[in-house]
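Chemist: Whole structure, please, built from the sequences with the hints as guidance.
This is what each chain is made of:
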Amino acid sequence: MKKILVFALSLLALAGCSDLFEQINRPGGRTNDEEMNRDGWVLMSQIQALEDQAFPEQENTWQMNVDLIGNYCGRYMTHTQPNWNNNFQRMNAPEGWAAYPFRDCLPKVSTAMRELARRVEKDNPFYCWAQIVRAAALLRLTDTYGPFPISDDGTYASQKEVYSSLLADLDHALGILGPMVKADPALVMGVAAKDRVYGGRMAQWVTYGHSLRLRMAVRMRFADPQTAKAVAESAVQEGVMTANADNCATDFQPNGQYKTSVEWGDSRACADIESYLTGFGDPRLTLYFKPTATAGPRAVIGCPASATIGDNSVAKGLYSAANVEASTPGVWMTAAEMYFCRAEGALAGWNMGGTAQHLYEEGVRASFEQWGASGIDAYLADQTSLQANYANADGGFGRSAYSRVSDITIAWREGDTDERKLERIITQKWLAMFPYGDEAWAELRRTGYPKVFALSPAAVTGADVPNRVPFDPKEAVNNRDNYQAALALLGGADDYMTKMWWQR
Amino acid sequence: MMKPTAVRSSLLGLLLACLALAGQDLRAQAPVTGTVRDGFGEPLIGAGVVIAGTNRGTTTDLDGRYEIVAAPDAVLEFSYIGMASQTVPVGGRSVIDVVLTEDTDVLNEVVVTALGIKRATKALSYNVQKVDSGSLTTVKSTNVMSSLAGKVAGVNINTSSAGVGGATRVVMRGPKSIEQSNQALYVIDGVPVTNRNNGETGSIYSNPPGSEGIADLNPEDIESISVLSGPAAAALYGSSAAQGVIMITTKRGREGKVTVNLSNNTSFSHAFIMPEFQNTYGNRPGETMSWGAEGTGTGFDPRGFFQTGYDIQNSVALTTGTEKNQTYLSLGTDNARGIIAGNTYDRYNAAFRNTTSMLDDKLTLDFSLSFTKEKDANMMAQGQYFNPLTGLYLFPRGEDFNAVRTFEIWDSSRQIHVQNWNYGNDLYKQNPYWVALRMNRTNDKRRYMVSGSLKYQPAQWLDITGRVRWDDAVSKGENQRYASTHTLFTAGSPYGFYAWTRTDDRSFYGDVMANVNKTWEDFSLSSNLGTSYALTNYEVNGFQGGLRGPSNIFSPTAIDHRTPHNDNRPSYTLTLHNTIAVFANVELGWKSMLYLTLTGREDWDSALSNTSNYAFFYPSVGLSAILSQMFRLPEWWSYLKVRGSWASVGSPIPVNVSSPWNWSYSSSNYDYQASTTKYPETFLPERTNSWEAGLQSQWLGGDLTLDATWYKSNTYNQTLYRPVSAGTGYSQELYQSGNVQNIGLELSVGVHKKWARFGWDSNFTYSMNRNRIVTLDPENPDKIIAKGGLNGIGVILKQGGTMGDMYDYTTFEQDQEGNAALDANGNIIRKTLSDNPIFRGSVLPKGNLGWNNEFTLAGVNLGFLVSARLGGIVISQTQAILDAYGVSKASADLRAAGGYPVNTGTITAEQFYSVVGGEAPIWQNYIYDATNVRLQEAHIGYHFPAKWLGGRNLYVGLTGNNLLMIYKRAPFDPESVASTGTYYQGVDYFMQPSLRSFGFNVRMKF
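Those protein sequence lines, which keep their order, are chains Y and X. If you count by the numbering used here, then the first sequence holds residues 1 to 504, one letter each, in order. If you count by the numbering used here, then the second sequence holds residues 1 to 1006, one letter each, in order.
A few of these clues could be false.
To be verified - Calculated cross-link-like contacts (lysine to aspartate or glutamate; reagent style EDC-like; alpha-carbon spacing at most 20 Å):
1. Y:K194 - X:D671
2. X:K257 - X:D61
3. X:K831 - Y:E95
4. X:K831 - Y:D495
5. X:K783 - Y:D481
Said to hold, decoys possible - Stretch-level coverage of chain X by chain Y, calculated; a stretch enters the list once three of its residues show a Cβ under 8 Å from a Cβ in chain Y:
6. 672-682
7. 725-733
8. 914-922
Said to hold, decoys possible - Here are the simulated distance ranges between beta carbons:
9. X:T682 - Y:N37: 18 to 28 Å
10. Y:A299 - X:R284: 28 to 38 Å
11. Y:P27 - X:W470: 22 to 32 Å
12. X:W699 - Y:P27: 53 to 63 Å
13. X:I838 - Y:T308: 24 to 34 Å
14. X:R284 - Y:P457: 52 to 62 Å
15. X:S667 - Y:M180: 50 to 60 Å
16. Y:N37 - X:W710: 49 to 59 Å
Calculated from the structure, these hints are not laboratory results. This one's a predicted model, so the numbers in the text were calculated from it and none came from an experiment. Beta carbons are placed, not taken as given, at the ideal position from N, Cα and C, and that holds for glycine.
Modeler: This is the structure in structure tokens:
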């Protein structure tokens, strides 16, 4: 009937085509601005779009943004595909892989912010909320590439400028949301169900925002100690995550790691994390990883990073998959991480509301609690366990054995040097932040901890851990002048080895 | 058989019929009788018989008989539409039988042009090529368009490698549009039809392609096809016509007794060009690549996997009619299977057409109804994901393939059959039989077309015609993947996967036209004025997802709907498009030797809604001069015409681009998303301006013909997606710019000679086209647009290039002496050139040749078609991967030669191909010249004399297709295409081999 009407109308419509044509030229299954405004949907839709980039759990974005890059370079996981010998570990990843986070995430982040800016003022609480989520997304991107375009005009900002800009945005957002939450701690904003992280509970978002500031402060502490200290102390003062209930976890389904590791079989445990967990007798070993499908010398076996794989169907069986279900929430920041950040801050002499030892132990404790692991007290008292020597699975790929590379122990020893204390904090922090590998890789680059096995075969650069991912090579064509300027800001070659601003 | 120009004149016949009714001559003496027949002995009904020098005459009856009273010294003139007239002196005889032969006199030819308007060939200012039904029905294929390949100049026709039922790629005078379709427009009996072409694929991960709407036609219902290759010819069709038009004229009933045509075409096919394999070196234990010792091979030959395909087409057609009412009725069946198990194509056609004239022939009603039921299954063109050929071609050569022939085994605990495959899952290989038979894709379509035309002719010089067509195709697509299929393809479900879609593809077209034909002394006017309305409605509904369990329940309720996401999701598309137009066409003639044609059309197009201007106008102008009438030419130079035209054809921007409904649903995050594309302030319609000049010549009374056309077209204001830096906050920018130029030549030379019982018809066509991107982005001349390809190689569009330029991002790392450098392990190094890829050539052909011959001797006819493509390149990743897996003949040859020589000695074939071949090859090894020459078609047949069979006609023939590859460099058939889209051409990634077929056909008429 509708079609007949459309037909009849359009026959009469030569003179007044335009309105009718607009109805005809309307694609099914799409919406327009007016429709998106209903139920306050459009604002929440942008918050959700930003969350999808800040916490990219969808399987393809997960794989391209986190699994291939942070998880492999951060030595949580490694690949098991025979055709993936060009990868980030070996620092020769295909252009499409290297450019993906930049090409895919940034336009989506910018578009969401643009759509919000079209509708609300910058002081609107929704805009402030979006600024927090955007900061999380852009932090991951700048920590991947270095200098980064943040002003939507194609120009790159130095990494230091990116950090200060994001911190300023967080200050602005938290300056507005903080008092709102103080006045109404139970404040829920927007369509609660669309916020997959905190269900619109703004008190938790404010806590997350300050936690993000602390993450950034610790990251920049070698590059800009004064700002780092000020930001960190202010963040702790305002309140960072202290309970696992505040963890940033998205209930996006299916879990990205479930797809890449369990379902697709692209990713398996890396030998590094397996050797630490095995050596420490860490109960999290079997909580993080499944027993191997093919029985081997140990229940959980990791695969050496950079190993050349002969047959995926063999490798999938020899090495351990991540122990996740499709419904497992993806975790992107934890109370444990915050305790470790504070422990490191305390070590640096910052006012972190506790001693380094106390905060370190709280961090391990929070992680055990988060994973439902038992035996925390014995674990924290363990003064002898070391990283295990690694032995490959029978018929495994890559080097057959590695000797341990670290002699760090678990229990805090106040008499240790600061450097050894840092290694202890970061090693445990690294173990606790699983499975968010981008942070793991950042810690490896920033502190050199945990100590990891040498790649075999070696990467083209000879290094074991890349310092960054090269810019999108298409930038040299599509954005030439700005790309040249970015190279100057980078202060080194546009390759895997030029250091981040915050690396010491 | 093919002619450069077209339909025969009815003018002479009409004239004679009028004369026949005129007065009596008193000198008439004796009655003369006889029969008028055509070359096949068929009686000609309604042929004119006139006494020369008088206006007295008669017409033949239903048996072709006439009777006329004439003086013994009189001369009789016999004439019939489409036949050469004959004059026969009576010479005192009382019985005169006459055989009329086909008219090759171009002066009186009439051709069907745009909108079904019939015009004199001599007045045309552009090239029209006609193919008659014989050329389309002798050597048949499931898609009638495949039969047109090589027979028309200026048209490139490529058949998809998808197997039986596959779509075709029909591109005329080069690709013009960068983002929009470059496929020709199809027109049936003057009315455009929607040709939904599902033959497009874009990458190695793409879903397999489907068929296309035009393949629904029963070739037997086609009377003839006219090809309007240039925009000037097509200008009256408006926006869709810039890419050229294929005009299909269907059969209608004929006056006379009931005639029944029966036909059967049966052909059997097998793989034509296959890669060259080795089977002497097996695999080392525990490996899936075949790099084992010599002599360990099991002698496996992948050819054994392919079955003999067949294609059986039957048709029965009935025509009957009186002077006032003619009826055509036909039924057709086409049952085919491909060379890969599971690939089938079944089509059933019914067509009815009735033509009635009323009110003293002032009103003519033409009504037709056709119904098509088509079911196709498991078309597969190429790629990694749904392709049995990866598992087949790469099968480890030391293993026993018989073990995988039992492709499924009973799992007693699950109570289902599960896949039997233990030879690696790299490239997502699975058991080839499983992929072919347990990952089923079917499409079941029912299509109705109803059309009617009413013509009212109040005066001899005026008629008003109205036409409508309703076309409704409903199809159900299903995708059934059985439990134990690799979970990448089952949305992770261990129970299997199911997808269903219901596609409703409807279109309505209506027009009204007033046609004026008037002559004043030296001047003639032929003019049309009309308006048209077209609405298309394309709707897809469905759902796909992993099964919830139990296994292998393939119904919409069995899908796991709980969490819609990327793999479990609804499919929904609704696209409407409406065009309203007014158009006019004026042809002015002077002394039947000089013609000026002007056309204009204004379109109001819904695709341009929400832009500053939703209407656009485009004109054309053309001039045709019959020099052979203006000047005295030598006797042997029978005919010479020159023509020239200019046209400006617009086309709208892609549908829905400018719509404010631009928040699209994303199943991956289960919400509507804002577009990350930057849009311009407003849009302009795309525009193609073209020039065309040609000449048409005949010598020796039409024994020798030449038709030549030169053209140049420029397509402006293209709607392009321009890559932008993500740093601008957008992923891409839609902008309008560009100027794509095509310059080319179309040439056809014909011989049409009859010596008593022997006849030779030969037609040679040559076309060349030079495609050039004159500008892509004037603000930014260095701008490039990458258009996909394979890993490390792809098409890049840039100013000064063509739309098929292939750039290679890979090369050998060289040492200081320029030799291949080696790494620490002694391996060759693949170097990636991300900023500066190397141009390797264009996938577009430089030229195409076709040479079609038809010999007749008494009742025997023999024909063959040789076709050639000149220039261009193709690339084969199949070969690269076969090399890396050690299963290619090349890999065995290199092993036999002791390895690949390098500076330091040699490296093994395995070392060499592990870097040079494979998924990320060094491409220069796998780029081939696409030039090829083949014997494309051949047939021989015999017309049994009608008198042997009591007046019935019987023809029996043998046919062959793709019989012989005379010259080729690529390791696959370069004319076989993976995709019918503009890009992803010349790319082989485990493409299905093209087919060679042999068959026979039988035709009977009584």
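Chemist: Hey, K257 of chain X versus D61 of chain X, does the alpha-carbon distance stay inside 20 Å?
Modeler: holds (11 Å)
Chemist: Are three or more residues of the region 914-922 of chain X within 8 Å, CB to CB, of chain Y?
Modeler: As far as the region 914-922 of chain X goes, the hint holds, because 3 residues have Cβ atoms under 8 Å from chain Y.
Chemist: Keeping to a limit of 20 Å between CA atoms, is the pair of K831 of chain X and D495 of chain Y held or broken?
Modeler: Judged against 20 Å, a Cα distance of about 15 Å means the pair holds.
Chemist: For I838 of chain X and T308 of chain Y, compare the CB-CB distance with the range 24 to 34 Å and indicate the outcome.
Modeler: Distance hint for I838 of chain X, T308 of chain Y holds at roughly 28 Å.
Chemist: Honestly, do S667 of chain X and M180 of chain Y meet the 50 to 60 Å range at C-beta?
Modeler: Cβ of S667 of chain X to Cβ of M180 of chain Y: about 35 Å, so the range 50 to 60 Å is violated.
Chemist: Indicate whether the distance between the beta carbons of R284 of chain X and P457 of chain Y respects the range 52 to 62 Å.
Modeler: With Cβ atoms ~21 Å apart, the hint is violated.
Chemist: Is it true that the CA of K783 of chain X sits at most 20 Å from the CA of D481 of chain Y?
Modeler: With Cα atoms ~14 Å apart, K783 of chain X and D481 of chain Y stay inside 20 Å; holds.
Chemist: Between the beta carbons of A299 of chain Y and R284 of chain X, is the distance compatible with 28 to 38 Å?
Modeler: holds (30 Å)
Chemist: Against the 20 Å threshold, does the CA-CA distance of K194 of chain Y and D671 of chain X hold or violate the hint?
Modeler: holds (9 Å)
Chemist: Mind checking the hinted window 18 to 28 Å against the Cβ distance between T682 of chain X and N37 of chain Y?
Modeler: holds (24 Å)
Chemist: If you look at each residue in the region 725-733 of chain X, do at least three have a Cβ nearer than 8 Å to any Cβ of chain Y?
Modeler: Held - the region 725-733 of chain X has 7 residues with a Cβ nearer than 8 Å to chain Y, which meets the minimum of three.
Chemist: Are P27 of chain Y and W470 of chain X spaced within 22 to 32 Å by their CB atoms?
Modeler: holds (23 Å)
Checked against the numbered hints listed earlier, the structure breaks hints 14 and 15; every other hint is satisfied.
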